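There are 2 protein chains.
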Amino acid sequence: MNIRPKLLIFDVNETLLNMEPLKNSINESLKDERAFDIWFPTLLQYSLVETITKNYKDFSEIAESTLKMTAHQLDVSLTAAQIKSVLSPITKLSAYPEVSNTLEVLKEKGFKLVALSNGKPQVVDEQLKYAKIHHLFDKVLSIEEVKNYKPHVSTYHCAYSLMNVLPEDTMLIAAHGWDIAGAKRAGIQAAFIARPGKSLYPLALKPDITGSNLNEITTLLLAL
Amino acid sequence: MNIRPKLLIFDVNETLLNMEPLKNSINESLKDERAFDIWFPTLLQYSLVETITKNYKDFSEIAESTLKMTAHQLDVSLTAAQIKSVLSPITKLSAYPEVSNTLEVLKEKGFKLVALSNGKPQVVDEQLKYAKIHHLFDKVLSIEEVKNYKPHVSTYHCAYSLMNVLPEDTMLIAAHGWDIAGAKRAGIQAAFIARPGKSLYPLALKPDITGSNLNEITTLLLAL
Chain A
1 MNIRPKLLIF DVNETLLNME PLKNSINESL KDERAFDIWF PTLLQYSLVE TITKNYKDFS
61 EIAESTLKMT AHQLDVSLTA AQIKSVLSPI TKLSAYPEVS NTLEVLKEKG FKLVALSNGK
121 PQVVDEQLKY AKIHHLFDKV LSIEEVKNYK PHVSTYHCAY SLMNVLPEDT MLIAAHGWDI
181 AGAKRAGIQA AFIARPGKSL YPLALKPDIT GSNLNEITTL LLAL
Chain B
1 MNIRPKLLIF DVNETLLNME PLKNSINESL KDERAFDIWF PTLLQYSLVE TITKNYKDFS
61 EIAESTLKMT AHQLDVSLTA AQIKSVLSPI TKLSAYPEVS NTLEVLKEKG FKLVALSNGK
121 PQVVDEQLKY AKIHHLFDKV LSIEEVKNYK PHVSTYHCAY SLMNVLPEDT MLIAAHGWDI
181 AGAKRAGIQA AFIARPGKSL YPLALKPDIT GSNLNEITTL LLAL
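These protein sequence lines map, in sequence, to chains A and B. Residue numbers for the first sequence follow UniProt numbering, so the first one is 1 and each next one is one higher. Residue numbers for the second sequence follow UniProt numbering, so the first one is 1 and each next one is one higher.
Keep in mind that the hints were calculated from the coordinates and are not lab data. Treat the numbers as computed from the prediction; the structure is a model and nothing was measured. Among the hints, a few may not be true.
Given that identical chains are not distinguished, each listed pair holds provided it fits within a single copy or across any two copies.
[As the list claims (entries may be wrong)] Restricting the straight-line Cα-Cα distance to at most 30 Å, the calculated cross-link-like pairs of lysine-lysine (DSS-like) are:
1) Lys-109 - Lys-147
2) Lys-6 - Lys-54
3) Lys-109 - Lys-57
4) Lys-109 - Lys-206
5) Lys-206 - Lys-31
6) Lys-31 - Lys-198
7) Lys-31 - Lys-147
8) Lys-107 - Lys-31
9) Lys-84 - Lys-184
10) Lys-184 - Lys-198
With the hints as extra help, turn the sequences into a complete structure.
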């Protein structure tokens, strides 16, 4: 029996924002329709390499470094300026069609809404403003607060603590199996948005709620 | 000025063993020539998800789980039995052509040789036996000893401690930027083998030695 959460923590990239423009930019410049699909898990892997070795570099730096490595793997050579340019669509992503209206409904129904991204603060702010959803959040957080990358448990603990909410009253909403795994292991509830191509990590605890978009998640949330 | 190390720790997959047969198996079954290149960083990412959330699942389980996720991403459905079969070439990989002879030379010259893999003990043993290089190592280690995945510093610390060698007399040899990053942060020396498509992680300390294969590394090592 789930308890209706008071605080909803939203992952940003791929959960709220459609990364298609960044995907296209990377695939075109690296001349391979799978370049983005190789780079993205590499970026996530290296963010965890930093955390696990007790080091911190911001997500943009790691994104640039791993894109350079992916380009090398695909036999493409890019200058530092080209790499920045290829990655520039990251701050010009649209929200998925249902996101804006659904966040408004959730806000009206009394949920506290927080965005929590691996991205550095200025990038997350810029992203949510471009997508016209920044004003709907009670707080916009970057993992830079704790300098550990998700799914390190400290990132979730920090988010509900800053909002003065108990872990059992908190739910993470994400389109990534690793984020769901981390949230459940941090002792908070979790909702999985099964965006196209995304799936749960079979070795993790199951999320409390699953839907194919944020509308479906919201319907299930309001029924709690 | 480098000090000639007494102990050489070798990464296994892609460093000593050519993963081409596994790559072909995965690409054929997932019907995409980039399937392996998407799956492999995903496997490494999720191994770190486990370590960062203080959890442990063996590498084979994580490999199967992330292959299932990658198949879903590429819109292919595989049964558990099919996944095991697709991954089965992992224990039938050949060593790169220069590896066997070079390990013999290093052994003759008095270096202690250790293999250290993320793979579980029985898999690493089987791999090195199939490749006919198992007998050349003084010790074959899996990170299962410490239940943290590389590049967690405990994995390197455990390896030189078990061999009763000081960190400054130890060198990791690997074809992966993340492994080099971890070794340097663990306070040991590092040699990078720039296998095709592989590159260093730009945000890490530089390795002490770089070569395009193990012969080149050996020549540089013997000159120290």
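Do the hints match the structure? See the list:
| no. | hint | in the structure |
| --- | --- | --- |
| 1 | Lys-109 - Lys-147 | neither (32 Å within a copy, 44 Å between copies) |
| 2 | Lys-6 - Lys-54 | between (32 Å within a copy, 27 Å between copies) |
| 3 | Lys-109 - Lys-57 | neither (38 Å within a copy, 40 Å between copies) |
| 4 | Lys-109 - Lys-206 | within (26 Å within a copy, 53 Å between copies) |
| 5 | Lys-206 - Lys-31 | between (37 Å within a copy, 29 Å between copies) |
| 6 | Lys-31 - Lys-198 | both (24 Å within a copy, 18 Å between copies) |
| 7 | Lys-31 - Lys-147 | neither (34 Å within a copy, 39 Å between copies) |
| 8 | Lys-107 - Lys-31 | neither (42 Å within a copy, 44 Å between copies) |
| 9 | Lys-84 - Lys-184 | between (35 Å within a copy, 28 Å between copies) |
| 10 | Lys-184 - Lys-198 | within (18 Å within a copy, 35 Å between copies) |
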